[in-house]
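K.L.:
From first to last, the protein sequence lines are chains A and B. Under the numbering used here, the first residue of the first sequence is numbered -14, with each subsequent residue one higher. Under the numbering used here, the first residue of the second sequence is numbered 55, with each subsequent residue one higher.
If you're looking for bench data, these hints aren't it; they were derived computationally from the structure. Note that the structure is predicted; figures quoted are calculated from it, not measured. A portion of the hints provided could be inaccurate.
Said to hold, decoys possible - Here are the simulated DMTMM-like cross-link-like pairs (lysine to aspartate or glutamate), alpha carbons at most 20 Å apart as the crow flies:
#, chain 1, residue 1, chain 2, residue 2
1, A, Lys343, B, Asp143
2, A, Lys274, B, Glu161
3, A, Lys211, B, Asp143
4, A, Lys211, B, Asp148
5, A, Lys274, B, Asp151
6, B, Lys104, A, Glu179
7, A, Lys274, B, Asp143
8, A, Lys18, B, Asp143
9, A, Lys274, B, Asp170
As the list claims (entries may be wrong) - Where chain A lies over chain B, by a calculated footprint (3+ residues, C-beta under 8 Å):
#, segment
10, 253 to 261
11, 268 to 281
Virtual Cβ for every residue (Gly too), placed ideally from N, Cα, C.
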Amino acid sequence: MATQTNNDNSSTSALLASQRQTTTGEYLQNLFKQLRTGNLGVIPILFGWVIIALIFQTQAPAFLTAFNLTNLIVQMAGVAMIAYGIVFILLLGEIDLSVSYVSAVAGVLLAMGMLPPFNVPWFIMLPLALVASTLIGLLHGVIITTFQLPSFVVTLAGFLAWSGVVLILIGGAGTVVIQESAITSITRTFLSDEVGWVVGIIAIVLYAITSILSNRRRQQGGLASKPMPIIWGEIVLVALATIGFVIFCNSGRGMPLVTVYLIVFLIGLTYVAQNTKFGRYVYAVGGNKEAARRAGIRVERIRVYVFMLAGFMAGVGGVILAARLGSVATNAGGGDLLLNAIAAAVIGGTSLFGGRGKVYSALLGALIVMTIDNGLGLIPNVSAGARSIVTGLVLLAAVIIDAISRRQQQRTGR
Amino acid sequence: MSTQPILKTVGVTKRFGAIQALTEVNFEVCEGEIMALVGDNGAGKSTLIKGIAGIYAFDEGDVFFQDRKVTINSPRDASQLGIEVVYQDLALADNLDVVANMFLGRERTGPFARLDEASMEKSCVDTLNSLAVTTLRSVRLPVASLSGGQRQSIAVAKAVMWNSKVVILDEPTAALGVAQTRQVLDLVQRLSEKGLAVVMISHNLHDIFEVADRIAVLRLGQMVNVFERKNSSQQDIVHAMTAGRLKSVPGMAVE
């Protein structure tokens, strides 16, 4: 039906005109126009990363080695996981300052539960730790929505209280060691060359299939769809990037196993954010809470769910951080962790004001933040102070780029 | 235009503490009819609309929908009956695109809880076409990038997409320029041509005289009169709004 009307009226109706199939040339023209009008997507971040990487390379030749960059992936995994949760919080226009210590609580619970006198096996303790961190998120969410308090204050209280819980749990010991290899292998496993290839190829095939299928579904529905050459071009780009990544990893220790976890969570959470009602409601609440309420969305419930999700992802991040160190110390969750996680989401392009952002921004932002951390660590005589200053400046630059591109978009009516 | 009212209030009264916001108001609107609701500030227009929309309950009086007595306790009840209200602030999420806004809260899903974007987009385009809303470049644009008239059109289209029978528009042209007002008034006209009952609150008598079939005048919480547009002038309406005869003046003893 719709296809028919499209053909009949395409000359008279602007709305319908936009629905017909675009040719490859037109598509590229549109793309170019969007780029020019400030809708740059991930380009500034990737470009920024290349610049940062080049700067480090001139200062520390060890930076652009496969060994170091695979190590970087392991270093950023914990922060990226926490930042995934932060993205959802920011989409609501809220903030969660407690995630760093919630992640530490999960790490401590996991480590202590596996030790005497409890001796709980890891496959029970791991879910328990994640349940605990999710319940902490539930607690925060319920307090925030029941008493209508700003999330800033409630999670600040959580930040303090959970840091205290970590201290008390660890007690005099100072450090709790994780010996269970099932846990430490999460971050210490590097895939063999063959497995690396299999993972890469699976990723490419999955991407190609979903991309082609979803475009075909739009075509069949008579809706605007991308021209096939563009689809194939995108697939080739993704394939080349993936193959390059696999070759690069294999030239060192191999692809770190956490890469797979990072990608699986990225895909899963992106699906939740972009393709489910829940995700749609998160964006709606962040964009216009009153509109969401009038549309019959249970706003408070969505907010609680999001804080639970942030708690869960903090738990996942905490487990990865604990696994990487092989222990949990009293300083777990402290230092830069919280700000790195929030900075990662924001640098990646998620707005602090709600309603705008993507899950992948956490991954890209974590890459930037941890690259700076990693790179400055390789250069001799760089103090911790300098690292924080550089990270701060990059965050500032990211926010400014975001603000400028948004203004540009508004001016051009996009 | 059928003469049988689809929505009717009989003697509805609403008090907020000591303030008598509505006093025994009888109001009705028929299928295919555009009923304007006018009155000075504080006349009770919004109170009447909110009562019908289920934001709060009337203290006394009955609401009839298709000759059935109904109780509307929530906006959900109202939309189940087929009554939709487009408030002045439109309640659109700026960051979402047109399709997402039109389906907000009633998304269609397929397997794996996946939003069925293709089907929603198609219905959205169909609805906008049927209302001849054609100035949009694409239904995938975020609402933030639309003009005031386009936003108003989207809000109205959103309200009528759900087989609604009565659409209540709160000041639909208040914030719009001349061309955009034209757009929206045309849209209002099309709604009534499609057989919907339209209630339009407005301060702008010019707009009202352009589209309304009948004009109900509220003053100080009481229904002063319902005018046929054909048989009345703007002076009649202004007179009724400002000096209409009341059964009783609030705060004064009834003689």
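K.L.:
Quickly compare the C-alpha distance for Lys104/B and Glu179/A to 20 Å and report which way the hint goes.
P.N.:
66 Å, violated
K.L.:
Given the hint that Lys211/A pairs with Asp143/B, test it: the Cα-Cα distance must not exceed 20 Å.
P.N.:
35 Å, violated
K.L.:
Within the assertion that chain A covers the segment 253 to 261 of chain B, do at least three residues meet a Cβ-to-Cβ distance smaller than 8 Å?
P.N.:
violated (count 0)
K.L.:
Counting residues of the segment 268 to 281 of chain B with a beta carbon closer than 8 Å to any beta carbon of chain A, are there 3 or more?
P.N.:
violated (count 0)
K.L.:
Does Asp143/B lie within 20 Å of Lys343/A when you go C-alpha to C-alpha?
P.N.:
27 Å, violated
K.L.:
Does the alpha-carbon distance linking Lys274/A and Asp151/B stay inside the 20 Å limit?
P.N.:
With Cα atoms ~16 Å apart, Lys274/A and Asp151/B stay inside 20 Å; holds.
K.L.:
Measure nothing beyond the straight line between the CA atoms of Lys211/A and Asp148/B; if it is 20 Å or shorter, mark the hint as holding.
P.N.:
Violated, at roughly 25 Å.
K.L.:
Does the alpha-carbon distance linking Lys274/A and Glu161/B stay inside the 20 Å limit?
P.N.:
With Cα atoms ~17 Å apart, Lys274/A and Glu161/B stay inside 20 Å; holds.
K.L.:
For the pair supplied as a hint, Lys274/A and Asp143/B, is the alpha-carbon distance within the 20 Å limit?
P.N.:
Holds - the C-alpha atoms of Asp143/B and Lys274/A are around 13 Å apart, at most 20 Å.
K.L.:
Check whether the Cα positions of Lys18/A and Asp143/B lie no farther apart than 20 Å.
P.N.:
Roughly 32 Å between the alpha carbons, so the hint for Lys18/A and Asp143/B is violated.
K.L.:
Take the C-alpha atoms of Lys274/A and Asp170/B, compute the straight-line distance between them, and say whether it is at most 20 Å.
P.N.:
23 Å, violated
Checked against the numbered hints listed earlier, the structure breaks hints 1, 3, 4, 6, 8, 9, 10 and 11; every other hint is satisfied.
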